[in-house]
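Asks: Take the given structure of chain F and dock chain D to it, following the hints.
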Amino acid sequence: MHDRVIPIGTVLLAIFVLWYVFTVVLNAPFERDQAARADTELSTIELISNTMVQKRPILPAPHQVAVEIWETTVEKKITSKRSLVYHTWVTLSSTLLGFAMGTVLGILLAVGIVHSRVLDKSLMPWIITSQTIPILAIAPMVIVVLNAIGISGLLPKAVISMYLSFFPVAVGMVKGFRSPEVMHLDLMHTYNASRSQVFWKLRWPASVPFLFTSMKVAVAISLVGAIVGELPTGASAGLGARLLSGSYYGQTIQIWSALIAASLLAAFLVMMVDIIGRSVTKRMGMAA
Amino acid sequence: MNLTWIFAALTFWIATWAINQMLARQQFSDKTVQTGIDVFIPILFGAALLVLWEGLCRGFNVPPVLLPPPSMIWERITNSLDILWADFQQTYLKAVLAGYVMGCGSGFIAAIIVDRIPFLRKGLLPVGNLVAALPIVGMAPIMVMWFGFDWPSKAAVVVIMTFFPMLVNTVAGLAASGHIERDLMHTYASNYMQRLMKLRLPAAMPFIFNALKINSTLALIGAIVAEFFGTPIVGMGFRISTEVGRMNVDMVWAEIFVAALAGSLSYGLIALLERAVTFWHPSYRS
Numbered sequence: 001m002h003d004r005v006i007p008i009g010t011v012l013l014a015i016f017v018l019w020y021v022f023t024v025v026l027n028a029p030f031e032r033d034q035a036a037r038a039d040t041e042l043s044t045i046e047l048i049s050n051t052m053v054q055k056r057p058i059l060p061a062p063h064q065v066a067v068e069i070w071e072t073t074v075e076k077k078i079t080s081k082r083s084l085v086y087h088t089w090v091t092l093s094s095t096l097l098g099f100a101m102g103t104v105l106g107i108l109l110a111v112g113i114v115h116s117r118v119l120d121k122s123l124m125p126w127i128i129t130s131q132t133i134p135i136l137a138i139a140p141m142v143i144v145v146l147n148a149i150g151i152s153g154l155l156p157k158a159v160i161s162m163y164l165s166f167f168p169v170a171v172g173m174v175k176g177f178r179s180p181e182v183m184h185l186d187l188m189h190t191y192n193a194s195r196s197q198v199f200w201k202l203r204w205p206a207s208v209p210f211l212f213t214s215m216k217v218a219v220a221i222s223l224v225g226a227i228v229g230e231l232p233t234g235a236s237a238g239l240g241a242r243l244l245s246g247s248y249y250g251q252t253i254q255i256w257s258a259l260i261a262a263s264l265l266a267a268f269l270v271m272m273v274d275i276i277g278r279s280v281t282k283r284m285g286m287a288a
Numbered sequence: 289m290n291l292t293w294i295f296a297a298l299t300f301w302i303a304t305w306a307i308n309q310m311l312a313r314q315q316f317s318d319k320t321v322q323t324g325i326d327v328f329i330p331i332l333f334g335a336a337l338l339v340l341w342e343g344l345c346r347g348f349n350v351p352p353v354l355l356p357p358p359s360m361i362w363e364r365i366t367n368s369l370d371i372l373w374a375d376f377q378q379t380y381l382k383a384v385l386a387g388y389v390m391g392c393g394s395g396f397i398a399a400i401i402v403d404r405i406p407f408l409r410k411g412l413l414p415v416g417n418l419v420a421a422l423p424i425v426g427m428a429p430i431m432v433m434w435f436g437f438d439w440p441s442k443a444a445v446v447v448i449m450t451f452f453p454m455l456v457n458t459v460a461g462l463a464a465s466g467h468i469e470r471d472l473m474h475t476y477a478s479n480y481m482q483r484l485m486k487l488r489l490p491a492a493m494p495f496i497f498n499a500l501k502i503n504s505t506l507a508l509i510g511a512i513v514a515e516f517f518g519t520p521i522v523g524m525g526f527r528i529s530t531e532v533g534r535m536n537v538d539m540v541w542a543e544i545f546v547a548a549l550a551g552s553l554s555y556g557l558i559a560l561l562e563r564a565v566t567f568w569h570p571s572y573r574s
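Line order of the protein sequences matches chains F and D. Read in order, the letters of the first sequence are residues 1 to 288 in the working numbering. Read in order, the letters of the second sequence are residues 289 to 574 in the working numbering.
Isolated chain F, as found in the complex:
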């Protein structure tokens, strides 16, 4: 653990420094342009400090984004439409709903595939094909169509998250349900175990590590689904809506703060699944 802190810290610091360098380089032409129009000369120090405080920079400096995040989280009421917490919550709720639905669907499909030869042969190729279709491209239509038949709000976004997140779970769980060794299956056979007993006492427990590994992928991808699902809804609420309205009005600082919030949310969700997974496998006596 300790020998990793220094390298990771160095890389993060390098990213930070590079960010500042790029801020200066990308924002400088605008400042030079302004100075030329005002017929003034800028010293290098002035130029650099000016690039850090622009209102609509091409690339905002890290501290500008940090200030924006601070102002929109701590200093605004949570119920306010300008609060980042409120938008994050909107996105989080549809992510979690879609993630839950996708996980259940994935597990059900895997159960069907493992227990039926026909489903295995006919469904599996289509499950793989379904993921080569860029669902995120279809997202706006799913939302508009569901809106037209009176379903709006949380559910349409959750459907997109579900479509994205069921795949890793289904594939991982098919692998997991098939992970018991032949010896274990033979043992169950000598016990005269029924199919459901084999499933609940052997296949299900054996697949738990696979479940959590694929759930980590699924939760990250369902956040992406929720964000993209918010793009066509007219930009009312959610992190995706913040991105869209930010890009309409050229508010780069707003875009970056939404991006950072989304990244923190993704890291948090993956970490939570990881922690839950670890404690569950530990309680089951499978911890390495």
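Don't read these hints as lab results, they were simulated from the structure. Virtual Cβ for every residue (Gly too), placed ideally from N, Cα, C. Treat the hints with care, as some may be off.
To be verified - What follows is a set of in silico ranges between Cβ atoms, one per label pair, in the way DEER data are often shown:
no.: 1; chain 1: D; residue 1: Gly334; chain 2: F; residue 2: Val74; range: 29 to 35 Å
no.: 2; chain 1: D; residue 1: Gln309; chain 2: F; residue 2: Arg4; range: 26 to 32 Å
no.: 3; chain 1: D; residue 1: Ser394; chain 2: F; residue 2: Ile45; range: 40 to 46 Å
no.: 4; chain 1: D; residue 1: Phe328; chain 2: F; residue 2: Phe22; range: 54 to 60 Å
no.: 5; chain 1: F; residue 1: Arg4; chain 2: D; residue 2: Asp326; range: 18 to 24 Å
no.: 6; chain 1: D; residue 1: Met390; chain 2: F; residue 2: Lys76; range: 39 to 45 Å
no.: 7; chain 1: D; residue 1: Pro570; chain 2: F; residue 2: Phe22; range: 29 to 35 Å
no.: 8; chain 1: D; residue 1: Gln309; chain 2: F; residue 2: Met272; range: 23 to 29 Å
no.: 9; chain 1: F; residue 1: Ile149; chain 2: D; residue 2: Gly556; range: 32 to 38 Å
no.: 10; chain 1: D; residue 1: Ala464; chain 2: F; residue 2: Arg4; range: 17 to 23 Å
no.: 11; chain 1: D; residue 1: Ile371; chain 2: F; residue 2: Ser93; range: 27 to 33 Å
What the hints assert, rightly or not - Below, a sample of chain D positions facing chain F; criterion: calculated Cβ distance under 8 Å:
no.: 12; residue: Asn308
no.: 13; residue: Gly324
no.: 14; residue: Leu422
no.: 15; residue: Trp434
no.: 16; residue: Gly436
no.: 17; residue: Asp438
no.: 18; residue: Val513
no.: 19; residue: Phe517
no.: 20; residue: Ile521
no.: 21; residue: Val537
Said to hold, decoys possible - A few chain D residues that face chain F, going by a derived Cβ cut-off under 10 Å, partial list only:
no.: 22; residue: Val353
no.: 23; residue: Pro357
no.: 24; residue: Pro358
no.: 25; residue: Met360
no.: 26; residue: Ile424
Replies: This is chain D only, laid out in the frame that chain F set:
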């Protein structure tokens, strides 16, 4: 409500299910027949789905604005081939291909450098793993601001989306060769380049192809989503978002069909290439 359509579709569904049930149970001794059957079963299943879709749409008189039947979508595809081709050119041939090649290429080169320097491997890899899980599609509006409305901004989104999966997978792949093989190379007094070219890169190929496969879908998604944030008046993402607004759902489905076809074909092409390159891998030896 038109019961004949529903009834016909359901009968077809049950009939194909029964045929599939029968075919799946049988074991054929001839290998080519068995592969043929294995391909035939999912195709029959897909055909049954299409017939069910068509039948239910007509049977329940679903308004085409909600869900057009497959026949109507096909008609639209054949009628507007020129628009579809122009969109495909803009989105796929320009943005996706350029971004894919640059993203995968730079990820690969970065991986080789990272692998050479242990300090970077320790520091950059956890960060790369984290970034690979982040919603990078969100970078799309920024890229559109930086690189303009035309295809370079879309290619840029594709580059960032494909870079990290390639980096992470290639680094993992370069570590995949076994101790015994590396010791053998050592006894041959091989230098770094020889070890890389003759042992470690071939051993990394399954991982690299895994990344190429993941990236082929990511690239298409990235390019299409980036078009939602601003584009010239051509492109698949542009067409989807405007035609949805005009309630021309059949045109949207036609674009989806093209996207699905392009996605599946590129995935299949990479899978074929993988088979040719990693023929030695256990999963391809029978």
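Asks: Confirm or reject the claim that Ile149 (chain F) and Gly556 (chain D) have a C-beta distance inside 32 to 38 Å.
Replies: This hint holds: roughly 35 Å between Cβ atoms.
Asks: Hint validation: Val353 (chain D) versus chain F, beta carbon distance must be below 10 Å. Holds or violated?
Replies: With Cβ-Cβ at 7 Å, under 10 Å, it holds.
Asks: Ser394 (chain D) and Ile45 (chain F), beta-carbon distance inside 40 to 46 Å?
Replies: Hint violated: Cβ distance 35 Å, outside 40 to 46 Å.
Asks: Lying within 23 to 29 Å: is that true of the beta-carbon distance Gln309 (chain D) to Met272 (chain F)?
Replies: Violated, since Gln309 (chain D) and Met272 (chain F) (Cβ atoms, about 42 Å apart) do not stay within the stated range.
Asks: Note whether the CB distance of Arg4 (chain F) and Asp326 (chain D) lies within 18 to 24 Å or breaks it.
Replies: 46 Å Cβ-Cβ, so the 18 to 24 Å window is violated.
Asks: Under 10 Å, Cβ to Cβ, is where Pro358 (chain D) needs to be relative to chain F, so tell me if that hint holds or is violated.
Replies: With Cβ-Cβ at 15 Å, over 10 Å, it is violated.
Asks: Given the hint of 39 to 45 Å, is the C-beta distance from Met390 (chain D) to Lys76 (chain F) inside that range or not?
Replies: At roughly 40 Å between Cβ atoms, Lys76 (chain F) and Met390 (chain D) fall inside 39 to 45 Å, so the hint holds.
Asks: If you take the shortest Cβ to Cβ gap from Ile521 (chain D) to chain F, is it below 8 Å?
Replies: Check failed: Cβ of Ile521 (chain D) comes no nearer than 17 Å to chain F, outside 8 Å.
Asks: With a cut-off of 8 Å, does the beta carbon of Phe517 (chain D) approach a beta carbon of chain F closely enough for the hint to hold?
Replies: 5 Å, holds
Asks: Against chain F, with CB atoms and a cut of 10 Å, does the hint on Met360 (chain D) hold up?
Replies: The hint is violated - Met360 (chain D) has no Cβ within 10 Å of chain F, the shortest such distance being about 15 Å.
Asks: Does Pro357 (chain D) hold up as a contact with chain F if the rule is Cβ-Cβ below 10 Å?
Replies: 15 Å, violated
Asks: Quick check on Gly436 (chain D) please, does its C-beta sit within 8 Å of some C-beta on chain F?
Replies: 13 Å, violated
In summary, the numbered hints that this structure violates are 1, 2, 3, 5, 7, 8, 11, 13, 16, 17, 20, 23, 24 and 25.
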